[in-house]
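So the sequence lines, in the order shown, correspond to chains Z and B. According to our numbering, the first sequence holds residues 1 to 183 in order. According to our numbering, the second sequence holds residues 1 to 183 in order.
Rather than coming from a laboratory, the hints here were simulated on the basis of the structure. Given the structure is predicted, the values throughout are model-derived calculations rather than measurements. Hints should not be assumed to be uniformly reliable.
Derived list of chain Z stretches under chain B, where covered just means 3 residues or more per stretch with a C-beta under 8 Å from a C-beta of chain B [unchecked claim]:
1) 4–13
2) 33–43
3) 143–149
Here are some, though not all, of the chain Z residues that point toward chain B, as calculated from beta-carbon distances under 8 Å [to be verified]:
4) Gly82
5) Ala83
6) Leu110
No residue lacks a Cβ here, since even glycine has one placed at the ideal position from N, Cα and C.
Protein chains: 2
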Amino acid sequence: MKKEKAYQRIFKDREIGYLDPDILPTLQAFFSWPNLFTKSSCSGRITVIDAHMPWDRKNSTVVFKDHLGITSNQLDAVVEKGALRKLWLIVQGPIFHVYAKTLDDVWKLLQVSRSVGFKHSGLLTKNSNGYLVEVRSGVRMDHLLYDRSPLSEFGPVVSVANEVLKRGKERLFSLTQALKDSI
Amino acid sequence: MKKEKAYQRIFKDREIGYLDPDILPTLQAFFSWPNLFTKSSCSGRITVIDAHMPWDRKNSTVVFKDHLGITSNQLDAVVEKGALRKLWLIVQGPIFHVYAKTLDDVWKLLQVSRSVGFKHSGLLTKNSNGYLVEVRSGVRMDHLLYDRSPLSEFGPVVSVANEVLKRGKERLFSLTQALKDSI
Chain Z
1 MKKEKAYQRI FKDREIGYLD PDILPTLQAF FSWPNLFTKS SCSGRITVID AHMPWDRKNS
61 TVVFKDHLGI TSNQLDAVVE KGALRKLWLI VQGPIFHVYA KTLDDVWKLL QVSRSVGFKH
121 SGLLTKNSNG YLVEVRSGVR MDHLLYDRSP LSEFGPVVSV ANEVLKRGKE RLFSLTQALK
181 DSI
Chain B
1 MKKEKAYQRI FKDREIGYLD PDILPTLQAF FSWPNLFTKS SCSGRITVID AHMPWDRKNS
61 TVVFKDHLGI TSNQLDAVVE KGALRKLWLI VQGPIFHVYA KTLDDVWKLL QVSRSVGFKH
121 SGLLTKNSNG YLVEVRSGVR MDHLLYDRSP LSEFGPVVSV ANEVLKRGKE RLFSLTQALK
181 DSI
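Can you make the complete structure from the sequences, with help from the hints?
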């Protein structure tokens, strides 16, 4: 059964260290709904990427990644090394890719997600796993750090980036509660 | 008929000056599909907002908005006035809210949208107008400009912001073509 396999996979990922450190309660809340399971997820994170554009996947290298925050020293160390392209500091809120069995499950999931601030959630497609819903909020920051040279003092950028990440984590917590409350 | 009313609305908006200057061909391409119509749309734009967080709607003021670009002088003038909260420069790619009559129309629209880089498109909800699809790409920038004082020289920020906007406009053009080619 696909749902069971996906659930076992989570614990395998956790053993290897692939699982985001603070995501398990939310995944379990999704799985507690009878007709849902998750495939790929992120609890929210800060990355620094070497890329021309913040959304580039090809021609892009992740030079820093942390799900719990960044310090000024860490950012300084990353920027000191310079870049091939540009450096972007990207804060991303929590994102979940959730398979739902029926369209009714989809509507219910979207309604619950939206009610706790995951307002960019939507049904992406359907395939042999079911209806694929992306659960996502508007919590985000894509800040240009470096373009041939560093752009600024990074003190305020670090502090605001950590604040953005924190706002994402707060929504993660609300989502977990809302999923449990509306099984 | 809702579709006809929505179409007339576009030209009324254009008369008043509400319509984005470069959006009409894409809207017409959506309307050329028998079972689609659009309700609210944006061709992509640069804004500067006075807000704590880039996604804030309440407690947030738009202090600059342009669908075609920003100059260094314009940005300097905006930042010189300071801010109540923080200043964020936000570049947003094109976004369309499209009503589709059937789920088959939804799948086809999502497939066409995704094929030309609108990868964050999804079905949001259904209501009396039909199935509401958001067509949206990952083209975006949320740059912190000012937090009690200006953060940096803005030359590179202006040039990268205009480049991000341009990438959005290129996708707008591809979307228009793809919609026409796959009626």
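- Query: Residue count check for the segment 33–43 of chain Z against chain B: does it reach three with CB-CB under 8 Å?
  - Reply: Violated: only 0 residues of the segment 33–43 of chain Z have a Cβ under 8 Å from chain B.
- Query: Does the interface hint hold: is Gly82 of chain Z within less than 8 Å of chain B, judged Cβ to Cβ?
  - Reply: Constraint on Gly82 of chain Z not satisfied, violated at 15 Å.
- Message: So is the segment 143–149 of chain Z in contact with chain B by the C-beta rule, three or more residues under 8 Å, or is the coverage claim wrong?
- Response: This one holds; 4 residues, not fewer than the three required, reach chain B with a Cβ under 8 Å.
- Message: Is the listed coverage of the segment 4–13 of chain Z by chain B valid when you require three or more residues with a beta carbon under 8 Å from a beta carbon of that chain?
- Response: Check failed, 0 qualifying residues.
- Message: Hint validation: Ala83 of chain Z versus chain B, beta carbon distance must be below 8 Å. Holds or violated?
- Response: This hint is violated: Ala83 of chain Z lies away from chain B, its Cβ roughly 13 Å from the closest one there, beyond 8 Å.
- Query: At a threshold of 8 Å, is the proposed contact between Leu110 of chain Z and chain B supported by beta-carbon distances?
  - Reply: holds, 6 Å
Checked against the numbered hints above, the structure violates hints 1, 2, 4 and 5; every other hint is satisfied.
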